Amino acid sequence: MSARDPLLAVRDLAVSFNTEEGAVRAVDGVSLELGAGEVLAVVGESGSGKSVTAMTLMGLTRGPNAAISGTAGFEDTELVAASDAELRAIRGNRMAMIFQDPMSSLDPVYRVADQIVEQIQAHRDVGAAEARERAIELLDAVGIPDAEKRADSYPHEFSGGMRQRAMIAMALSLEPSLLIADEPTTALDVTVQAQIIELLRDLNRRRDLSILLITHDIGVVAEIADRVAVMYAGRIVEYGTLDEIFYDPQHPYTWGLLASLTRIDRPRPQRLPQIPGMPPSLLAPPQGCHFRPRCAHAFDRCLEVPALEPRRADAPAHLDRCWLEPARRRELREADARDALEQPR
Amino acid sequence: MSSDLARFAIRRLLSMLAVLFAVSVVVFLIFNVVPNGDPAVRMAGKIPTETQIEAIREEWGFDEPLYVQYATMMKNLFTGETVSYFTQQDVVEEIWKGLPRTLSLAVGAALIWMAFAIALGLYSALRAGRFSDRVVTVLALIGISMPVFWLGALMSYYLGYKAGIFPASGYVEFSDDPFQWFWHLVMPWTALSILFIGFYSRVLRSDILETMGEDYVRTARAKGLSERRVLLKHVLRNSLIPIITLWGLDFGAVIGGAAILTETVFNLQGVGQYAADAIGQLDLPPIMAVTMFGAFFIVIFNTLVDIAYAALDPRIRLEGETSR
Numbered sequence: 001m002s003a004r005d006p007l008l009a010v011r012d013l014a015v016s017f018n019t020e021e022g023a024v025r026a027v028d029g030v031s032l033e034l035g036a037g038e039v040l041a042v043v044g045e046s047g048s049g050k051s052v053t054a055m056t057l058m059g060l061t062r063g064p065n066a067a068i069s070g071t072a073g074f075e076d077t078e079l080v081a082a083s084d085a086e087l088r089a090i091r092g093n094r095m096a097m098i099f100q101d102p103m104s105s106l107d108p109v110y111r112v113a114d115q116i117v118e119q120i121q122a123h124r125d126v127g128a129a130e131a132r133e134r135a136i137e138l139l140d141a142v143g144i145p146d147a148e149k150r151a152d153s154y155p156h157e158f159s160g161g162m163r164q165r166a167m168i169a170m171a172l173s174l175e176p177s178l179l180i181a182d183e184p185t186t187a188l189d190v191t192v193q194a195q196i197i198e199l200l201r202d203l204n205r206r207r208d209l210s211i212l213l214i215t216h217d218i219g220v221v222a223e224i225a226d227r228v229a230v231m232y233a234g235r236i237v238e239y240g241t242l243d244e245i246f247y248d249p250q251h252p253y254t255w256g257l258l259a260s261l262t263r264i265d266r267p268r269p270q271r272l273p274q275i276p277g278m279p280p281s282l283l284a285p286p287q288g289c290h291f292r293p294r295c296a297h298a299f300d301r302c303l304e305v306p307a308l309e310p311r312r313a314d315a316p317a318h319l320d321r322c323w324l325e326p327a328r329r330r331e332l333r334e335a336d337a338r339d340a341l342e343q344p345r
Numbered sequence: 346m347s348s349d350l351a352r353f354a355i356r357r358l359l360s361m362l363a364v365l366f367a368v369s370v371v372v373f374l375i376f377n378v379v380p381n382g383d384p385a386v387r388m389a390g391k392i393p394t395e396t397q398i399e400a401i402r403e404e405w406g407f408d409e410p411l412y413v414q415y416a417t418m419m420k421n422l423f424t425g426e427t428v429s430y431f432t433q434q435d436v437v438e439e440i441w442k443g444l445p446r447t448l449s450l451a452v453g454a455a456l457i458w459m460a461f462a463i464a465l466g467l468y469s470a471l472r473a474g475r476f477s478d479r480v481v482t483v484l485a486l487i488g489i490s491m492p493v494f495w496l497g498a499l500m501s502y503y504l505g506y507k508a509g510i511f512p513a514s515g516y517v518e519f520s521d522d523p524f525q526w527f528w529h530l531v532m533p534w535t536a537l538s539i540l541f542i543g544f545y546s547r548v549l550r551s552d553i554l555e556t557m558g559e560d561y562v563r564t565a566r567a568k569g570l571s572e573r574r575v576l577l578k579h580v581l582r583n584s585l586i587p588i589i590t591l592w593g594l595d596f597g598a599v600i601g602g603a604a605i606l607t608e609t610v611f612n613l614q615g616v617g618q619y620a621a622d623a624i625g626q627l628d629l630p631p632i633m634a635v636t637m638f639g640a641f642f643i644v645i646f647n648t649l650v651d652i653a654y655a656a657l658d659p660r661i662r663l664e665g666e667t668s669r
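These protein sequence lines map, in sequence, to chains A and B.
Heads up: the first sequence begins at 1 in this note's numbering, then just goes up one per residue.
Heads up: the second sequence begins at 346 in this note's numbering, then just goes up one per residue.
FYI, nobody ran anything at the bench for these hints, they're computed from the structure.
Being a predicted model, the structure only gives us computed values, none of them experimental.
Among the hints, erroneous ones may be present.
[As the list claims (entries may be wrong)] For lysine to any residue, the following SDA-like pairs were computed, each having C-alpha atoms within a straight-line distance of at most 25 angstroms: (1) B:K578 x B:Y468; (2) B:K391 x B:Q434; (3) B:K578 x B:D552; (4) B:K578 x A:N93; (5) B:K578 x A:S260; (6) B:K578 x A:G127; (7) B:K578 x A:D152; (8) B:K578 x A:D101; (9) B:K578 x A:D336; (10) B:K578 x A:D114; (11) B:K507 x B:S520; (12) A:K149 x B:D349; (13) B:K578 x A:R124; (14) B:K578 x B:V650; (15) B:K578 x A:P326; (16) B:K578 x A:G29; (17) B:K578 x A:E33; (18) B:K578 x A:T61; (19) A:K149 x B:T535; (20) B:K578 x A:G63; (21) B:K507 x B:D552.
Using the sequences and the hints, build the whole thing.
This is the structure:
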């Protein structure tokens, strides 16, 4: 799917939180674009800033201890500068979000349908009966069996997968153009994960819903994403189409991430490779490239921060932040892969 | 659902009977081992002769075995024929006389302390960590630390006796003069409420702060609800569950005797004060009756709290209730 007019255009988004130990720069200059009808996956490990990026777009990280800069254009609004009231009119309405833990994301004391009705009535002047009708329709559309009856259930009477479906129904209640899904499958059983991903893919295809998918699960990315942004320690280190990222990764962190997957189409390694070391503390990040301390190929120049930009003439939309000579990367990557295969048990 | 509720009620009724039985036996036995507790000696006057004492023993049945005395006492209690050893007044009648006074005090104070606790708890949770929150915290701790008898006595002396703003003590029937009823109760209500306001506002503050970090509150914001609605419908609604539980229990306890100090300080002549007087005279029948009365209210309110809890939080089921 080709990128049309970007629905969401984030430029140099930075978020830092004041804590007792100092300022934590959770997001450090993130830029990304999401076209209408596209699925963009933001991948990274815990603490890479992917969730903070998503929540900042929704205005959910605002607070006295947060400093937010950069811009995020969504439709005709600039989200970073928007007032709380402007943002409130957009979220849940034009832009909706679902969260990691569906178990705790619904209010336990209200019936599921009532929680959807509440959202509809927050943005539209419709009567209770009409809103309820719509809620039941939505629950039915996301695959809740016997929706008419289950609408009056409380969240604790739903299974995890049903709760996530209910969250999705709620998010879709006002037909938003953008759905932000923050680790939507992480807390679910594997079979349920597949169903939820299938549902999201179906919504993307049939309703042309744009999805910003935040996940650490590369398998989920492969299922659904059009494009992928790989985040590490607050920055995007590589950005490209699904095929570019999976078949021709340019950044050593991305290689490491992909090598740590078991793949049915590759020789089986003695033991699953891992990237040595730990992600850096964002209180005192390393100078230059944040991945430098863990990178086997780091050299002098890595003390400067590489820009996120295209580095090869034949792939103008494939961006990365790495000083390594593009021509040498494939060779280094394949050497790394061989080493991983030969690693003793 | 309704048959579940009936099963629950029957279960609770049975356990209430057990509690009342246990409480009555314990009180009865304690009374019989307290030094100088022999009612015949105390009833016989200042310098009694042995024959007078014996006569009283026989007349009142104090020479019977303990279990017979207990059985007679309980039978009289439930038929309403118990009289005080010393004033010879009908005990149940006295309790009925004191009940409106105790209820006036308890209901008014409970409403006041809940209203103030919600306002202060919400206020200090919203300003957590700031100067105004600290001021409220200090005030709450002062409130919790002040004993009712001390605070009540100070109020009665300064605001009542010295300044003459409120009547220093006493009670006026609501039916006689509603304004005087209210005016006489202002100080007792305040004195009794202060401790609860301090305690409840602290509990509510921490419940609210905890609830604000819940995922469903984030969902509520993500839905685009107004901050006011997020706060009232989602944060406060969930934070109130534990405090309403506490409220029911404390209300039962206040009726059942916890207002004893307030009633005495302000001479309200309620059930608590009646109990205090009876204890001072080691007068068993009123003590038995008031204790049973107190235990009855405490058990009743425990049950009501359980029902309210299940109504407020759909995840809670009453014991014995089958799943839906």
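Evaluation of the provided hints:
1. For the hint linking B:K578 to B:Y468, the alpha-carbon distance of about 16 angstroms falls within 25 angstroms, and the restraint holds.
2. Among the hinted pairs, B:K391 with B:Q434 is consistent with the structure: their alpha-carbon atoms are about 21 angstroms apart, no more than 25 angstroms.
3. Taking the CA atoms of B:K578 and B:D552, the gap is about 15 angstroms. The hint holds against a cut of 25 angstroms.
4. Annotation: proposed proximity of B:K578 to A:N93 holds, straight-line Cα distance about 20 angstroms (limit 25 angstroms).
5. For a cut-off of 25 angstroms, the pair hint linking B:K578 to A:S260 is broken: about 45 angstroms separates their Cα positions.
6. Our distance criterion of 25 angstroms between C-alpha atoms is met by B:K578 and A:G127, whose separation comes to about 19 angstroms.
7. Of the supplied pair hints, the one linking B:K578 and A:D152 holds, its CA atoms being roughly 18 angstroms apart against a limit of 25 angstroms.
8. For the given pair, B:K578 sits about 21 angstroms from A:D101 by alpha-carbon distance, which is consistent with the 25 angstroms threshold.
9. Annotation: proposed proximity of B:K578 to A:D336 is violated, straight-line Cα distance about 55 angstroms (limit 25 angstroms).
10. Of the supplied pair hints, the one linking B:K578 and A:D114 holds, its CA atoms being roughly 12 angstroms apart against a limit of 25 angstroms.
11. The hinted pair formed by B:K507 and B:S520 fails the criterion: a straight-line CA distance of about 29 angstroms is larger than 25 angstroms.
12. A hinted pair counts as satisfied when its Cα atoms are at most 25 angstroms apart, and A:K149 with B:D349 qualifies at roughly 22 angstroms.
13. Proximity of B:K578 to A:R124 is assessed by CA-CA distance (about 19 angstroms); at most 25 angstroms being required, the pair is judged to hold.
14. Proposed proximity of B:K578 and B:V650 is supported: the alpha carbons are some 21 angstroms apart, at most 25 angstroms.
15. Using a Cα cut-off of 25 angstroms, the hinted pair B:K578 and A:P326 is violated, with the two alpha carbons roughly 56 angstroms apart.
16. Taking the CA atoms of B:K578 and A:G29, the gap is about 37 angstroms. The hint is violated against a cut of 25 angstroms.
17. Among the hinted pairs, B:K578 with A:E33 is inconsistent with the structure: their alpha-carbon atoms are about 36 angstroms apart, more than 25 angstroms.
18. Under the criterion of a C-alpha separation no larger than 25 angstroms, the hint pairing B:K578 with A:T61 is consistent with the structure, at around 21 angstroms.
19. Taken as a hint, the A:K149 and B:T535 pair is broken in the structure, with Cα atoms around 49 angstroms apart against an allowance of 25 angstroms.
20. Note on B:K578 and A:G63: the hinted pairing holds, with a Cα-Cα distance of about 21 angstroms set against a maximum of 25 angstroms.
21. Pair hint B:K507 plus B:D552 does not hold up; C-alpha atoms about 41 angstroms apart against a cutoff of 25 angstroms.
Consistency note: the structure conflicts with the earlier hints numbered 5, 9, 11, 15, 16, 17, 19, 21.
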